Amino acid sequence: MLQNILCSHPDVGYITNAMHQFRSCLCAVERLRKRLNIDFKGERYLQDGIMIDSGSPNEGMAFFSEWSHLDLYSLKYTELSSGDLAPEDIETVHATIRRILWSFGGASKRFVNKNPGLTTQVRMLIEAFPDARIIHIVRDPRMCANSMIKLYRRNKAQELRLKALAPQSYTHDEVLIPYPRLPRLAEYLGRFG
Numbered sequence: 175m176l177q178n179i180l181c182s183h184p185d186v187g188y189i190t191n192a193m194h195q196f197r198s199c200l201c202a203v204e205r206l207r208k209r210l211n212i213d214f215k216g217e218r219y220l221q222d223g224i225m226i227d228s229g230s231p232n233e234g235m236a237f238f239s240e241w242s243h244l245d246l247y248s249l250k251y252t253e254l255s256s257g258d259l260a261p262e263d264i265e266t267v268h269a270t271i272r273r274i275l276w277s278f279g280g281a282s283k284r285f286v287n288k289n290p291g292l293t294t295q296v297r298m299l300i301e302a303f304p305d306a307r308i309i310h311i312v313r314d315p316r317m318c319a320n321s322m323i324k325l326y327r328r329n330k331a332q333e334l335r336l337k338a339l340a341p342q343s344y345t346h347d348e349v350l351i352p353y354p355r356l357p358r359l360a361e362y363l364g365r366f367g
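When you number the sequence shown by this note's numbering, it's gap-free, plus one each residue, and the end is 367.
Each hint should be verified, as a subset may be incorrect.
Derived DSS-like pairs (lysine-lysine); straight-line CA-CA distance at most 30 Å [unchecked claim]:
{"no.": "1", "residue 1": "250", "residue 2": "324"}
{"no.": "2", "residue 1": "324", "residue 2": "337"}
{"no.": "3", "residue 1": "288", "residue 2": "324"}
I should point out that these hints are in silico values taken from the structure, not numbers from a laboratory. None of the values given here were measured: they were computed from a predicted structure.
Please construct the entire structure, taking both the sequences and the accompanying hints into account.
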């Protein structure tokens with residue numbers, strides 16, 4: 175809800191679902207989406223009653239995976255600092271964010287991103303984006319654990335459906351892990367499922 179409230183502000187730009195799907199031509203796809211009023215609406219595959227469309231905010235996991243060279247299919251915990259990223263990687267991130275903001279109308283915008291997967295990368299974010307503002311929401315850990323298990327199961331089912339539709343697109347057997355990598359995540363998953 176907080177993400178939707180922040181992203182409704184006229185001076186905010188964010189990664190849309192359309193941009194996330196078409197990362198190499200995000201400006202073009204966003205311009206076409208707006209110009210042709212193409213917004214496919216539907217409930218998220220998480221079956222949680224939340225309706226989204228191609229212009230809804232997206233967490234941008236694939237963007238961050240590409241930028242940081244982290245494998246979204248690995249449980250390995252890696253804490254990054256901006257020194258772990260090459261200067262050209264940091265410039266690529268800044269250039270992509272400028273392109274995203276351009277899609278929302280210009281330089282006076284603020285980039286907003288809600289991405290729980292980056293929770294363990296706050297140090298790197300602050301170093302790479304010294305003017306960033308970070309909002310950390312604390313939730314009941316029991317509810318978070320239940321949510322993470324549900325998310326993992328729904329993600330796995332969604333990937334199996336997509337793999338059946340386009341098997342040539344999948345070169346791995348692992349399932350995308352859509353939440354933060356913690357130092358003992360692999361141990362916890364093995365122990366608790």
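Original post:
CA of residue 288 to CA of residue 324, is that 30 Å or under?
Top reply: Roughly 19 Å separates the two Cα atoms, so the pair holds.
Original post:
Are residue 250 and residue 324 close enough, with their CA atoms no more than 30 Å apart?
Top reply: holds (21 Å)
Original post:
Is the Cα-Cα distance between residue 324 and residue 337 30 Å or less?
Top reply: holds (20 Å)
When each numbered hint is compared with the structure, no violation occurs for any of them.
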